[in-house]
Amino acid sequence: MSTILEVKDLSKQYSKVLAADNVSFSIDEGEIFALIGPNGAGKTTTIRMISTLIKPTSGDAIVNGYSINDKPEKVRESITYLPDEAGAYKNMTGYNYLKFMANIFTNDKDKAETYVKRAVEMCGLGDRLNEKIASYSRGMIRKLLLSRAVMTYPKLAILDEPTSGLDVINALEIRKIIKDLANKGMSFLISSHNMLEIEFVSDRVGIISKGKLLVVGKTEELKQRYNVANLEEVFERVVLEHEVY
Amino acid sequence: MKFINLLKKELRELINAQMIIGLVVSMSLLVLIGGIMGDAIEDAVSNSGDVYICDQDNTEFTKRVIENLNAMGYNVNEKSVTKEDSVEILEELNINSLIIIPKGFTEGILKNNAASELEYISRIKSTSAMASLRDGSTSAIESIKSIISNLLMQEGYGLSEADITVLENPVNLKEVTVVDKKSANVSASTIIGMASTQGMIVPIVIFILVMFTSQMIISTISTEKIDKTLETLLSAPVSRLSVLGAKMLAAAIVALINAVAYMIAFSSYMSGMLGSTLDTTAVIGEALTMSDILKELGLKLTAGGYILLGLQMFMTIMIALSVSLILGAMATDAKSAQTLVMPIMIFAMIPYMISLFMDVNSMSNIVKIFVWLIPFTHTFTAINNIMFGNWPVFWGGLAYQFVFFIVCMYFALKLFTSDKIFTISLNLGQKMKLKKVKKG
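So the sequences go chain by chain: A and B. When we follow the working numbering, the leftmost residue of the first sequence carries the number 2, and every step to the right adds one. When we follow the working numbering, the leftmost residue of the second sequence carries the number 82, and every step to the right adds one.
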């Protein structure tokens, strides 16, 4: 199985805050990797660096063979990014939004049509896609955005809190979509506060706190290592352990 | 108690650092403009007693008229002229207005028992409200009329009572207005009145356009940032330059459509205003339309003038857009996005108000440089500069605007191609609260 993402000692220093401190991990093809941590832990900063939105102070990440520092434009061809609590262009219809984004990813009309068709099927919004996004519920917008994020079958889909604010049914649907796509070979980098969701959906997790990636491993392995019943307890133990020492 | 609690919360929401800064800036702005205008009015009033007279008749009667004028407090400067052309006369004497008492003036009144002609030549350099306050000639003419009437009433000069009654209005005024190198037989006040209509509408149009385009781009950038659609776009395989360029171009096209629509409407409004025939007393000899007179004086905007004005407007819109790109990126929420349009509003307000009342070109050097540094000034004064042929000021202003635009675009590009686009923010209220929390 080939490595899609390799993060090497990635750091980001803002004026007074070290938001990411030598973060290193990797994601294989078809793997779902979850980055979990409290608010302000450095999840979004790490994700933004990998998405080429912000430049690292030091370190690098190789996405599908391309460095985020040297070839950011090539990296952007291999990834899609869904920010936390993202919105969409309210004056567009759902369908036009998908079409607009498909044409951002490719100049080929046929390819763009395939992307849109795929997204239309995946989001399950039916005729509502012909209505303006301004009339959509939060769950509908999230489904639209998720289908947009995966419609190109990117090598790596980066999803920041993919199910935040969604009801159980919508969240389950989204988790199912992610699982199915991973089985088809798409890799995912997910960040979330929802430990239950992470336990259900991810292959491996990385626990991040105060900019440092403290632990990386499979959920079951981590539960055994810390002798606890669930990921929430693993998270608590890891964070407390590193605060003490 | 519950009501007080609610009231406190509402006041805390409304009275914040942004509101206080806005209030202080607005107050300072009014004080500043008031000061500038006060100085200009003071200057105009101090010159209002100066009267230049050329007494070509040179009789005892005209000498008495001038003596009386002096006695009324006017500072009468007697001049003699060698030229005949009105433009050359003012250039020769290096003054802006001259009252000429022509040869035969006294004879006309005292012997022919008819109103005599008094010639008044004046130069106008702008159409601002202050332009009509430059010197005391206009009121001096009225004073000359009343002095002559009084002299005739009191001393008779051998005229019968019936003749004196006829001479209650003893002076016919021939007015010549000079603009740059051209002149026309029409009163300066008529010209200023009509040309200022032209000069007043354009600043209003510019102000609306500047505010409209700024609001538009600040709103689009801040909405993209707040909704995180910008993050989605910038992580897609498209260059940041394309994202920025598309935004700028779209806003410029919309603004340009607006500018052209406004200019067409304005041009049709002006032709309606200027198409009416003037009263024959205003233009001696023949009945002309105001449009013809303004054209004769070079004050009517030609097709070339409209193109230059359009160019100036376009440059102004581009500056407003580039500044708005930077300001829009600082928004953290809808409220701060609304506040961010304030700097543009202030820098549009200062030249807008000043240009309505004053001629920027005739202000003191320090004030002039301060006002000229505001890029929007050059657009607000463009129509005056085009009409009065102040070409170095016009082209200099346009060049400055171009440089200003390039500098703003450079910073906007730097902002969009760096991390700053996601980290920059302007939330004074929040920063102050954070400091308080830290101290606490």
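One should not assume that every hint holds.
Unchecked claim - List time: in silico DSSO-like cross-link candidates among lysine-lysine, alpha-carbon distance up to 27 Å: (1) A/Lys118 / B/Lys309; (2) A/Lys100 / B/Lys164; (3) A/Lys118 / A/Lys91; (4) B/Lys501 / A/Lys211; (5) B/Lys328 / A/Lys110; (6) A/Lys91 / B/Lys309; (7) A/Lys180 / B/Lys309.
None of these hints come from the bench; they were simulated from the model. Keep in mind the model is a prediction, meaning the values are calculated, not measured.
Here is what the structure says about each hint:
1. A/Lys118 / B/Lys309: Satisfied, since the Cα-Cα distance of roughly 24 Å is no more than 27 Å.
2. A/Lys100 / B/Lys164: violated, 77 Å
3. A/Lys118 / A/Lys91: holds, 21 Å
4. B/Lys501 / A/Lys211: holds, 22 Å
5. B/Lys328 / A/Lys110: Holds - the C-alpha atoms of A/Lys110 and B/Lys328 are around 23 Å apart, at most 27 Å.
6. A/Lys91 / B/Lys309: Between A/Lys91 and B/Lys309 the Cα gap is close to 12 Å, so the pair holds against 27 Å.
7. A/Lys180 / B/Lys309: Holds, because 25 Å separates the two Cα atoms, which is no more than 27 Å.
Of the hints listed earlier, the one the structure fails to meet is number 2.
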